[in-house]
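First to last, the sequence lines map onto chains A and B. To convert, note that position 70 of the first sequence is 70 in our numbering; the numbers rise steadily by one, no gaps. Counting the second sequence from 1 gives a position; our numbering is that position plus 146.
These are computed hints drawn from the structure, not numbers from a lab. The beta carbon of each residue, even a glycine, is placed where N, CA and C say it ideally should be. Wrong hints could be hidden among the right ones.
To be verified - Some residues of chain B that are not near chain A, with every Cβ distance over 12 Å (derived): (1) W148; (2) T150; (3) F190; (4) P274; (5) V276; (6) S298; (7) I300; (8) F397; (9) N430; (10) L433.
Said to hold, decoys possible - As a list, the in silico DSS-like pairs of lysine-lysine whose alpha-carbon atoms are at most 30 Å apart: (11) K128(A) - K173(B); (12) K6(A) - K142(A); (13) K6(A) - K406(B); (14) K297(B) - K149(B); (15) K128(A) - K297(B); (16) K142(A) - K128(A); (17) K128(A) - K141(A); (18) K93(A) - K6(A); (19) K146(A) - K6(A); (20) K6(A) - K297(B); (21) K406(B) - K173(B); (22) K146(A) - K128(A).
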Amino acid sequence: MKSVSKSPWLLHYDGSSCNGCDIEVLACLTPIYDAERFGVINTGNPKHADIFLITGGINNQNEPVVRQIYSQMPNPKVVVAVGICACDGGIFKECYNINGGVDTVLPVDIYVPGCAARPEAIIDGIVKAVALLQNKRDAMKKEAQK
Amino acid sequence: MWKTIAVLLYIVFGPLLGGLLAGLDRKLTARLQGRKGPPLLQPFYDVMKLFSKEVVVVNYVQDFLVGGFLIFIVFTGGLFFSGGDLLLVFFALTLAGIFFMMSACSANSPYSSMGAQRELMQMMTYEPMVLLVGIGFYMSAGSFSVSEIIKSSISNILYLPGIFVGFIFILVIKLRKSPFDLSTSHHAHQEMVKGLTTEISGNILGFVELSHWYENVFLLGVVGLFIINTSWWSILAAVAVSILAYCIVIFVDMVFPRVKWQLMLKMTWLVTLIAGVLNLVILNVFL
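Model the full structure from these sequences, guided by the hints.
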């Protein structure tokens with residue numbers, strides 16, 4: 001059953017990003033990089049998504065939003081933090097209004113560093129996320145069989 | 147006997163053909179945008195994945211209604227390909243559409259409700275043309291029965307060019323393609339998340355996809371019905387014209403941006419009036 005790894009549907013959420021990483025995420029879908037050739041679809045709907053892609057750091061305003069989106073996604077799901085701000089807060093780390101990276105709220109599976117993260121790095125992160133998705137799916141199946 | 151075989155063939159090969167058509171759609175779309183695009187079998191991978199996801203039930207009414215959508219679409223197509231009554235086929239199609247619309251209504255979500263309202267608007271827009279197709283076939287072939295219509299000595303499109311154009315026009319709405327993909331869209335990020343299917347996930351979304359594949363095969367079957375006559379080569383011509391119509395709709399999808407519902411209603415009813423009704427009037431005078 002390799003179907004999960006052949007059809008990863010993305011949900012992209014912009015936390016408090018400067019839009020640098022967001023533009024690079026969208027660049028992955030353009031003709032040059034064309035992430036859709038791996039079956040990637042940018043859904044924009046948490047209930048359809050397999051991979052939760054977050055750019056930007058977490059603050060008090062977007063924390064409940066990120067939590068809710070994550071809770072709405074059906075299992076198996078993978079969280080990918082894109083850009084250094086999403087990884088650990090980046091240059092805003094010490095700011096009074098930033099709590100830190102995405103891992104302060106959610107269990108992050110894949111970290112994609114960079115400021116802004118390069119499309120090649122993002123696609124690499126997605127490919128790693130897809131492999132992890134398959135592992136989680138297999139684990140889910142084993143759990144169901146018990 | 148052959149009716150049962152036709153229904154069974156449709157039930158088995160309908161989704162296979164529909165899935166391949168959906169794959170062709172995504173490949174062609176990608177190529178028109180200068181991308182490589184996903185593999186041809188991508189829609190099958192997607193649906194297989196949906197069936198392996200965790201089941202999140204919003205409410206059981208929704209699941210029941212989606213089930214009704216699937217069953218009535220299969221009924222519609224089965225009736226059509228076994229040579230049934232065209233009017234009954236179109237009424238069953240409408241009922242299936244109502245089931246799907248109601249499933250979106252049942253979820254307590256603003257996006258899904260908005261999608262349902264827009265879907266209702268779309269149904270109101272295309273329904274007159276669908277009925278004209280039935281009436282047109284009755285006037286040119288003398289019967290509502292599909293098994294009688296295919297026995298015409300000349301292709302019905304020669305009598306019904308206007309109705310054919312009108313049907314291709316509403317095919318854009320039925321296949322949920324831009325500029326008329328108001329209620330839900332294949333493309334990402336529209337203004338109300340995913341519209342109709344926002345609250346549908348996992349295996350239920352898989353059933354929705356499956357129903358769409360059945361529906362698309364049926365709709366292209368109606369396109370083929372315009373071409374088919376008693377000679378053997380007309381079957382090949384019907385298949386070719388159906389696929390051409392599908393490609394034209396994809397091309398239109400790429401070229402035009404989404405319009406507001408007012409413009410959709412005006413344009414479609416204008417086409418229905420000019421191409422459809424005029425065709426019927428002329429046919430009435432000369433036949």
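Do the hints match the structure? See the list:
no. : hint              : in the structure
1   : W148              : holds (36 Å)
2   : T150              : holds (32 Å)
3   : F190              : violated (8 Å)
4   : P274              : holds (32 Å)
5   : V276              : holds (30 Å)
6   : S298              : holds (43 Å)
7   : I300              : holds (44 Å)
8   : F397              : holds (18 Å)
9   : N430              : holds (48 Å)
10  : L433              : holds (49 Å)
11  : K128(A) - K173(B) : holds (25 Å)
12  : K6(A) - K142(A)   : holds (20 Å)
13  : K6(A) - K406(B)   : violated (35 Å)
14  : K297(B) - K149(B) : holds (16 Å)
15  : K128(A) - K297(B) : violated (57 Å)
16  : K142(A) - K128(A) : holds (21 Å)
17  : K128(A) - K141(A) : holds (20 Å)
18  : K93(A) - K6(A)    : violated (36 Å)
19  : K146(A) - K6(A)   : holds (26 Å)
20  : K6(A) - K297(B)   : violated (45 Å)
21  : K406(B) - K173(B) : holds (28 Å)
22  : K146(A) - K128(A) : holds (28 Å)
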